[in-house]
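Student: Given the sequences, and given the hints that come with them, work out the whole structure.
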Amino acid sequence: MTEIFKSILIMSLTAAAVSAFLLIIKPITRRIFSPRWNYYIWLFVLIIMLLPVSLRLPGHIGYRSVSIPDGGYPEVYAVSAPAQDQMTLLQLFDRYAGILSKIQLGGAILFFGIRMFGYVRFIGLIHKRSAVCNEYKSQINIPVLKSEFIAAPIIVGLFRPVLYLPDASGEKLKYVFMHEMIHQKRRDLIIKWLAVLASVIHWFNPFSYIVLRQIDTECELSCDFEATKKLSAAERKEYMKTILAFAEINTTGKPLVAQFSSDKRLLKRRFSLIKTPPRTCSAMSAMSGLLALIILLCAACVNGRFKPNKSPESQNLISMNSDTDGSDAAIEQKSEEAPNIKPEIQPSLPKISQETVGSSSAKNTNAETPQTKLKKTATKSASEKSSPEPTSSDSSGNSENSENSRNSGNLNTQRKSPKIKSTESFDDAGGFNLISLKNDNGISYIRDVLKQDGKLESNASSSDLKQSYIVGSYSYKDNKAKKNGNVCCDENGNISVYFETNSDNIMGVSISDSATNEPVGSFGVLANNDNVYSFCGLNKDKSYDIEIESKTNGEWAVEGSYIIY
Amino acid sequence: MCVLWDSDKPLSIQEVCDRLPEHNWAYKTVGTLLTRMEKKGAVSSEKINRVNFYAPLIDKSDYTAEQTKNLISKLYNGSVRDLAVSLFKSKSLTKDDINELKEMFDL
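Chains as they are written, first to last, in the working numbering: chain A, 5 to 569; chain B, 149 to 255.
Note that these hints are calculated values from the structure, not bench results.
It is possible that part of the hints are untrue.
[What the hints assert, rightly or not] Here's a subset of chain B near chain A, in silico, CB distances under 8 angstroms, partners left out:
#: 1; residue: Tyr224
#: 2; residue: Val233
#: 3; residue: Lys237
[Stated by the list, open to error] Taking lysine to any residue pairs in the SDA-like style, the calculated list, with each CA pair at most 25 angstroms apart, reads:
#: 4; chain 1: B; residue 1: Lys217; chain 2: A; residue 2: His131
#: 5; chain 1: B; residue 1: Lys217; chain 2: A; residue 2: Leu270
#: 6; chain 1: A; residue 1: Lys272; chain 2: B; residue 2: Ile246
#: 7; chain 1: A; residue 1: Lys176; chain 2: B; residue 2: Asp244
#: 8; chain 1: B; residue 1: Lys222; chain 2: A; residue 2: Leu248
#: 9; chain 1: A; residue 1: Lys30; chain 2: A; residue 2: Leu54
#: 10; chain 1: A; residue 1: Lys132; chain 2: B; residue 2: Thr212
#: 11; chain 1: A; residue 1: Lys150; chain 2: B; residue 2: Glu214
#: 12; chain 1: A; residue 1: Lys132; chain 2: A; residue 2: Glu252
#: 13; chain 1: B; residue 1: Lys208; chain 2: A; residue 2: Pro170
#: 14; chain 1: A; residue 1: Lys234; chain 2: B; residue 2: Lys250
#: 15; chain 1: A; residue 1: Lys487; chain 2: A; residue 2: Asn463
#: 16; chain 1: B; residue 1: Lys222; chain 2: A; residue 2: Tyr213
#: 17; chain 1: B; residue 1: Lys250; chain 2: A; residue 2: Ser276
#: 18; chain 1: B; residue 1: Lys188; chain 2: A; residue 2: Ile253
#: 19; chain 1: B; residue 1: Lys222; chain 2: A; residue 2: Ile195
#: 20; chain 1: B; residue 1: Lys208; chain 2: B; residue 2: Val164
#: 21; chain 1: B; residue 1: Lys222; chain 2: A; residue 2: Leu129
#: 22; chain 1: B; residue 1: Lys250; chain 2: A; residue 2: Asp171
#: 23; chain 1: A; residue 1: Lys150; chain 2: B; residue 2: Asn218
Keep in mind it's a predicted model, so treat the numbers as computed, not measured.
By construction, the Cβ of each residue, glycine as well, lies at the ideal position given by its N, Cα and C atoms.
Tutor: Take a look at the structure:
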């Protein structure tokens with residue numbers, strides 16, 4: 005519901021921008037492009053308003069959590085995080101989106117109702133005193149009726165168009181039919197109804213009424229142009245005289261000030277066009293087509309840029325964040341002596357896979373999928389290094405040890421743009437974002453940033469991430485899930501987890517509702533590749549249980565620490 | 149208007165008031181209304197002994213037709229204009245405007 009509303013807003017803004025642009029260049033386009041171009045260009049604006057056309061440029065998108073089959077965790081690789089500054093405005097907007105969307109819907113229904121009511125009433129009234137005229141069957145292919153109450157020839161009816169003529173029409177109807185037939189052929193009625201539809205949906209946007217007027221005007225102008233294209237000068241005069249003759253039927257003594265100037269102006273414009281039609285050459289037409297295409301593409305791109313994020317599970321990740329290019333998963337060294345060994349793991353394998361972890365986390369897999377290649381290298385390097393030294397095998401927080409081996413020198417330089425949080429959120433819980441940490445930043449770095457924000461360390465039994473963070477550890481000796489209960493998400497509706505373990509294994513994280521025990525979502529984390537996994541779209545009033553376990557079959561010991569914030 | 153049509157002779161303001169169905173229309177209201185209608189040419193007035201007597205100028209069918217046309221015009225300019233296609237849209241060109249156009253384009 006609110007998604008649709010957001011789309012409508014985006015479409016509205018884009019359409020407004022394009023309309024403004026078209027209005028600005030109108031003096032030029034009026035002169036150099038054909039009346040047809042000037043008419044149909046507004047169709048593009050209509051398309052923008054009615055169809056959510058958008059081009060998605062590759063970029064940062066969060067993922068929906070893939071549902072986890074029993075025993076399997078999907079492997080997810082890093083992707084860039086959304087820009088932080090964009091979000092705060094949107095967050096504010098999100099709060100009111102629900103109400104606003106209802107207002108928009110209500111307004112649209114209201115305007116639609118008013119229009120339809122007036123329309124139906126109108127047709128009822130003019131139809132009452134009308135008589136069928138069969139004499140024109142040869143000249144025009146839609147039914148013709150003469151009505152007492154109508155002032156000018158008019159075609160109404162979207163599905164079964166009918167032409168109503170005023171009683172006092174006289175016999176000189178040749179040009180009327182010519183004009184109306186062109187309207188019919190070009191399906192101008194449909195276009196006008198679409199324009200009205202757009203103005204009803206986008207009733208709050210003043211530009212939609214401008215578009216309505218423009219389409220109206222350009223429709224008439226281009227119709228005149230088409231009708232008189234092949235007429236001689238004398239015939240054109242007759243055409244114009246016909247129009248004036250109908251105008252004379254209903255002259256009023258006193259002009260209604262608001263309207264008359266624009267109506268007269270329109271007639272002047274029409275007559276000028278008829279009298280001296282512009283000549284268009286094919287080069288102009290080609291260029292005009294190109295310009296139209298460019299406008300449409302730009303609008304589509306703008307549309308795509310701001311589209312609310314919804315990515316299907318099967319979508320391939322696009323580019324890797326340059327942060328992780330070349331940088332590798334560091335294997336955590338608990339002891340100070342050994343330098344960090346960095347195996348050459350290429351994290352440029354963007355794919356969400358649903359393979360069960362069982363097969364891929366095993367030491368050797370035969371399938372040559374990119375993930376398993378990764379696994380192989382990981383396995384190799386894991387076995388290469390000396391046996392892991394769990395400096396902390398007790399379950400108390402061992403983040404102090406990890407601090408030692410981190411380059412705290414990096415902290416100061418990195419502090420400028422601490423990308424450790426996800427500020428994106430999804431409408432439904434279960435989407436998550438990946439944020440890549442740069443340059444060996446780890447738990448200690450995150451803690452520093454959090455402390456800067458005023459957050460305190462909490463205990464593992466309950467925690468509100470708006471004010472605190474949780475540090476914990478996991479050891480293979482336990483080999484059961486580590487549970488952090490009653491955690492409330494942070495101020496963005498997210499719960500983020502970061503691991504440091506002593507080997508490249510998959511850690512599983514699952515989140516469920518504390519009260520109902522319903523699972524909200526889960527993901528598998530390839531530990532030691534510098535990615536923060538951030539659950540999004542959580543309810544700020546609920547508390548959640550977070551379970552952490554390791555999916556190793558015991559071949560090597562898994563020990564590590566994590567931070568939840 | 150209905151009151152005036154129903155009677156066969158011109159009526160004064162007070163008489164119109166008396167004959168109005170149901171309610172007590174204020175004398176002043178009726179008076180103003182009749183004056184305005186006279187300005188528009190719907191009624192004529194004749195002063196007999198310092199009292200105005202009003203008679204209808206247009207007959208019923210013309211009047212209702214006129215009203216309907218007004219309504220249709222309002223509806224058209226309101227809702228229908230954008231939903232229909234016509235030869236021209238103006239309902240309010242004055243004779244001067246038309247002459248101006250004729251001259252400008254040599255018609």
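Student: Each hint needs a verdict: does it hold in this structure or not?
Tutor: Evaluated hints:
1. Checking B:Tyr224 against chain A by beta carbon gives a least distance of about 6 angstroms; that is within 8 angstroms, so the hint holds.
2. With a least beta-carbon distance of about 4 angstroms to chain A, the hint placing B:Val233 at the interface is held under the 8 angstroms criterion.
3. With 8 angstroms as the threshold, the beta carbon of B:Lys237 comes within range of chain A, its nearest partner Cβ sitting at about 6 angstroms, so the hint holds.
4. Our distance criterion of 25 angstroms between C-alpha atoms is met by B:Lys217 and A:His131, whose separation comes to about 13 angstroms.
5. The hinted pair formed by B:Lys217 and A:Leu270 meets the criterion: a straight-line CA distance of about 23 angstroms does not exceed 25 angstroms.
6. With a CA separation close to 10 angstroms, the supplied pair A:Lys272 and B:Ile246 stays within the 25 angstroms bound.
7. About 23 angstroms separates the Cα atoms of A:Lys176 and B:Asp244, which keeps this hinted pair within 25 angstroms; it holds.
8. The straight-line distance between the Cα atoms of B:Lys222 and A:Leu248 is roughly 22 angstroms, inside the 25 angstroms bound, and the hint therefore holds.
9. Of the supplied pair hints, the one linking A:Lys30 and A:Leu54 holds, its CA atoms being roughly 23 angstroms apart against a limit of 25 angstroms.
10. Using a Cα cut-off of 25 angstroms, the hinted pair A:Lys132 and B:Thr212 holds, with the two alpha carbons roughly 14 angstroms apart.
11. Using a Cα cut-off of 25 angstroms, the hinted pair A:Lys150 and B:Glu214 holds, with the two alpha carbons roughly 18 angstroms apart.
12. With a C-alpha separation of about 24 angstroms, the suggested pair A:Lys132 and A:Glu252 falls inside the 25 angstroms cut-off, and the hint holds.
13. At most 25 angstroms may separate the alpha-carbon atoms for a hinted pair to count; B:Lys208 and A:Pro170 meet this at roughly 22 angstroms.
14. As the CA atoms of A:Lys234 and B:Lys250 are separated by approximately 22 angstroms, the hinted pair is consistent with the 25 angstroms bound.
15. For the suggested pair A:Lys487 and A:Asn463, the alpha carbons sit about 12 angstroms apart, so the restraint of at most 25 angstroms is met.
16. This hinted pair checks out: B:Lys222 and A:Tyr213 have alpha carbons roughly 18 angstroms apart, not beyond 25 angstroms.
17. At most 25 angstroms may separate the alpha-carbon atoms for a hinted pair to count; B:Lys250 and A:Ser276 meet this at roughly 12 angstroms.
18. At roughly 20 angstroms between alpha-carbon atoms, B:Lys188 and A:Ile253 fall within 25 angstroms of each other, so this suggested pair holds.
19. Distance hint between B:Lys222 and A:Ile195 is fulfilled; the C-alpha atoms sit about 23 angstroms from each other, no more than 25 angstroms.
20. Between B:Lys208 and B:Val164 the CA atoms are separated by roughly 17 angstroms; this keeps the pair inside 25 angstroms, and the hint holds.
21. With a CA separation close to 12 angstroms, the supplied pair B:Lys222 and A:Leu129 stays within the 25 angstroms bound.
22. Between B:Lys250 and A:Asp171 the alpha-carbon distance is near 24 angstroms, which keeps this suggested pair within the 25 angstroms criterion.
23. At most 25 angstroms may separate the alpha-carbon atoms for a hinted pair to count; A:Lys150 and B:Asn218 meet this at roughly 18 angstroms.
Figure legend: structure checked against the earlier numbered hints; every hint is met.
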